[in-house]
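Trainee: Listed below, chain by chain, are the residues.
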Amino acid sequence: MTQHRRYSGLKVGALAVPIAALVLTGCSAPAGSNASSGGSKEFSLSFATSNTIESPFQVLGEKYMEANPDVKITFNPQPNDSYDQTLRTQLQAGNASDIVVTSPGSGQGRSILPLAEAGFLEPLDDSAKELLPEGSASTFGPEGKVFGQATAITVSALVTNETAAKAAGEFPADFAALEEQCKTLESSGKSLFALAGAAPPNTGLTAMSLAASRVYGEDPQWNEKRAANEVTFAGSEGWKSALEAVNTLKDAGCFQKGAAGAGFDAITKGLASGTSLAGFIPATSWKQLQSAAAGSEFGVRALPAESPDKSFVYASANYAFSINAAAKNKEAAKAFLAWAAEPEQTKAFAEIDGALPVTGLDAYDFEGGAYKNIGDLIKNGKYGPLPNSQWPNSAVYDALATGVQGIITGQKSPDQVLQAMDAAWGQ
Amino acid sequence: MTATMQPKSEAAEAPRRGRRTPGAGQNTRSRGRGLEFGHWWWALPGIALVFAIHYVATGIGGFFAFTNWTGIGSFKITGWANFEAIFKDPTKVGALSNTLFLAFGSVLLGNIAGLVIALGLNRVLKTRYILRTLFFMPVVLSPLATAYIWKYIFDFDGPLNAFLTAIGAGDQAKPWLADPQWAIWTVLVVLVWSSTGFAMVIFMAGLAGVPVEVEEAAAIDGANLWQRFRNVILPAIRPAVAIATTLGIVQGLRVFDPIMALTGGGPAGATETLATQVYKQAFALGNFGGGAALALVLAAIILIFAVLQQRLTRSNPED
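Chains A and B, in that order, are what the protein sequence lines are. Every letter in the first sequence is one number past the one before it in the numbering used here, and letter 272, counting from 1, is 272. Every letter in the second sequence is one number past the one before it in the numbering used here, and letter 155, counting from 1, is 1155.
Hints in this document: simulated from the structure, not taken from any laboratory. Keep in mind that this is a model prediction, so the values were computed, not measured. All the given hints hold, so there is nothing to weed out.
The calculated DSSO-like cross-link candidates involving lysine-lysine, where the alpha carbons are at most 27 Å apart (straight line), are:
hint, chain 1, residue 1, chain 2, residue 2
1, B, K1174, A, K190
2, B, K1174, A, K269
3, A, K240, B, K1088
4, B, K1174, A, K183
5, A, K269, A, K166
6, A, K63, A, K41
7, A, K257, B, K1174
8, A, K250, B, K1174
Start from the sequences and build out the full structure, keeping to the hints where you can.
Mentor: Written out as structure tokens, the structure reads:
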């Protein structure tokens, strides 16, 4: 009898396991079916956000809902520092938003190429193809397909406190004059640049800005040659000169005191207060700084090159709308992208974002705006895409970013950093 | 004195003796029948969940250590390649060395400080209850939140450098968390600060079991303060030492959030540990296979040191 009781007890116990599992996993089933019954007028949108200012993606979405009252967009803002990881996890799990904001190329966790190759993104139609910035088609999808719709042209150069720069005299025209101004400013307790030395995204962007005129201005195809193993970082005079320039800037007192341990708050504080004149940050930040420091005027400038005629800036579509291949509301998502591709919306988005419009750049009026100092460079075609968007993985950029911090603290030499970048390229 | 040093108390022996009495035996049997309803298989759902959540998940993670998975898409099995890469990469070897330094440094200093505080606040002092609370506070507070406060203290424009400047030692002011020589020591200070309270509580529990009479007898026999501590108190609180050091080592080896908040592993990898490398490789750089391999190495190290440490501090060799 005892055996019988034990046997039947075992059966109950064995049943309890799948029941418990069903109870636990069953919770998600109704939610999924509700989402799919939302109809084609409803979709969700994920984007990264790093401050309390309303994201331009959300503002654009709200404009779309105003224009189409029957449409409902669920916004899913994610912290910028964990956005890549969250996006990949959600795509892998099949519960990402219908539209996700991605980046062209392959150098980041949110980059289009690896996500498209893994089958997580939906190929887009002609309206997205028409928005492809010149020469960057390969970063929007393999084999001629397009998996992202460019939102705006983001310039990566110097954001300057023009009011403080004017007070300090004329902004340097070349690198030698820049060194001199650094020394003058240092003696008055100010700095030419505010650097977030403890924030790899900022040290990496600083080094890439120094490489703009030295590497990509000289040879815009340098990344393609690196991909073909025709050149290496360690063997590149331009890259070596760029990283040696980090030491030059440090020795000339171009960075604020304690720059090696500073975070992004040091840039905001320095530029807003005018104790630093410029920072290596995405140009769209000029608008946010303008709203934080109402008494100052902010603008965008190219980092002075070794000679003025060699100036070169990065200007490319750094963000794109992509449709999740497992989206439940693809039609609604496509309708939004078609609307967002209209010239009126691309112009509006650029204004909201503080960027340049993805279409009509040739006819863009640079005069009087934040981009007036780089207008000629853009019109003359002296710009290229942000280099790391064409690098094969994020380890290369990480090696550069942490390496620059090592150069500033004296832990690493430019050669060591460049060798580490070559090693990361092959990973 | 002999009675107090006896390891097994009368109370502990009572149930065993009770079982031998006939009446008590009947009671146990009737109670046992009632409890038969609660068979071992009642634990099955819990066991299954623990197995699924802990062991299956860990096993799958361990499997990916032998692949080149990037976190998305397909993967290939690469054998021991990820482990070879770990021991060939100076950054990872540096992370391993930093992990051991921080773990053993925080255990040693945290336990010494905890023991000193526990001895000081064990008896006599009237304010000991308030002081105990204050010293235990860092354990209760969020490690991430306190790490950000420490980050502010160690900032170049922070209170520490302001203090140094105020006392005329302005030339010593530096970005502590970005200085290659000082960063790791700065992190160690924060870890010791946060672990001292926990060690203190364990030692206080140990000290509560040391009879006053034994200490008094030793004092009457002419033992000085150090001799009483060395020969009476320390042997009596040996189990507490074992617990405090084992938990301290395990905690120290896997420390993650304070380092991420203080330095993010910088400057240029100077404070990188295995735990921060696991996160960086798996989630920031998309090298999930490499991150999983590092996690396995970290788990093996924790296991080895926990077992070694238990063997070294056990009070009874037959345990």
